[in-house]
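Taken in sequence, the protein lines are chains A and B.
Mapping to our numbering: the first sequence position 61 is 61, numbers consecutive.
Mapping to our numbering: the second sequence position 2 is 109, numbers consecutive.
Because the hints were derived from the structure by calculation, they are not lab data.
This structure is a prediction, so every number in the text was calculated from the model and none was measured.
Do not take every clue at face value.
Here are the simulated distance ranges between beta carbons [unchecked claim]:
no., chain 1, residue 1, chain 2, residue 2, range
1, A, 19, B, 177, 21 to 31 Å
2, A, 19, B, 201, 35 to 45 Å
3, B, 222, A, 17, 44 to 54 Å
Below are the SDA-like pairs computed for lysine to any residue, each with C-alpha atoms no more than 20 Å apart in a straight line [stated by the list, open to error]:
no., chain 1, residue 1, chain 2, residue 2
4, B, 129, A, 9
5, B, 305, B, 251
6, B, 160, A, 23
7, A, 12, B, 130
Cβ coordinates follow ideal geometry from the N, Cα and C atoms, glycine included.
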Amino acid sequence: MPMITYIEASGKTHEIDVPVGHTVMEGGRNAGVEGIVAECGGSCSCSTCHVYVAPEWVAQLPSRDEMEEDMLDFAIEVDAERSRLSCQLRVTEAFDGLVVTVPSEQA
Amino acid sequence: MEKIVIVGAGQAGLSLAAKLRKLGYGGDLTLIGAESHPPYERPPLSKAFLLGKVEQDRMQLRPPSFYAEQDITLLTGKTVTRIARDDKTVHLKDMSLSYDALALTTGSRPRRLPTELGGALRGVHVLRGIDDARALARACRPGRRALIVGGGYIGLEAAAVLRGLGIEVCLIEASPRILSRVAAPETSDAIRALHRTKGVLIKEAVGLKHLVGQDHVEEARLSDGTNIPVDVVLVGIGALPRDELARDCGLATEDGILVDARGRTSDPAIYAAGDCARFSFAGHSTRLESVQNAIDQAETVAETMMGQSPIYAPVPWFWSDQFDLKLQIAGLSRGYDTVVAREGHRPGAKSFWYFAKDKLIAVDSLNDPASFMLARRLLARACPVSMEDIRDGAKDLKSLMNVS
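Bound-form chain A, shown alone (with noise of 0.2 Å):
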């Protein structure tokens, strides 16, 4: 299984194994990630899954699509490059190693 590290806003890490079809939302969420809000639970509604994935993974993971791209234009804290939408990121084989942070404050 993938494994996937999340660093919340205080600094506390967690490594998880996500199950691949997951999303990185769902793995954050079930482990209880502080930060992870997820209050539409993924449906792409309310950006409180936001995180900041590590800059090297920034390219290898697919790009984001035009929904996520407008939640993410008035999410709070937005970085340009690394923020995504956790729920928007299913998880395969190619996401072990992948390293998210959790922005200190959800929209």
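Position chain B relative to chain A; hints supplied.
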């Protein structure tokens, strides 16, 4: 405080329990749910789950290990029968629990079709819980004919899913237009057009006279004089707050359990949050049925229980997915006098901005998440927004956020 009991294990109850632990509450914490399932997300029930696209364990709000880790006693399949306020005890069928603080997060129940109209016939469904969704999904085999009674969110979302399952769908709405309680005619028009394109037969200003059938529903007789053969009926005519426990023990209720801005009921040891609670919003008595309200009001209650002095003053928001349309709503449009339309920056994206006496109060966005997110921010910060700003298609609305 050593013992907190939460009655109702939906989104609000779960959010409250989780928040209490986050705030450092170390005493006993019991979460009681009437359904046999641990807390789960309800929104997918009328969307992806009904379509068969998501399994039940993916809808759990927390994994099973969460409750033990957080030392939360989760009782599922248990119904509270009575609250004894004088000795601070909740009674269940076979046990009782004493409390120092009690929270009611009992949610709402779907309004049903009366038996005399055929509401008790087999094949007549409501959609509130996972068991309802399963039963409806089982009944929805391709080629069947469905009648949906009620053109609100549940009815429209279900209509979209059922069409996707290859079912003939007729949706009737007794009022002059779909979504009349919650949206402007502009939004209703767009959604009606979408459903018609996809083959849903929508009849507005048409009521149900009654359903006909021996044991299972066979035919629907409508107020416009037509009789249509049906195999499945979904009744989506609104929900009622589950406030009877509160009423029976003498708490102040009025179509919902009355709470103040801290989530307190008329008994200082009892709190309420979510669909079942009624509070003052923008100067009006209000009850909201939404995920946002369930979470935020519950977290307000947690803070109050922990001795903080929060004020619950939300920017309500909602969303609905129908076919390929994402409808997102920020604010509450109640009391609007003017609606201004605006094209989004992507093809097909648009939004409707609701004003009451020149003040922006809500925005419906259709496949236009940028406008939705912006509207949430503008409403949260109470930024001044004029109708001219919205009408001016060339204006960059982001600039409005910087004006204080």
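In rising order, the numbers of the hints this structure does not comply with: Of the numbered hints given earlier, the structure breaks none, since each of them holds.
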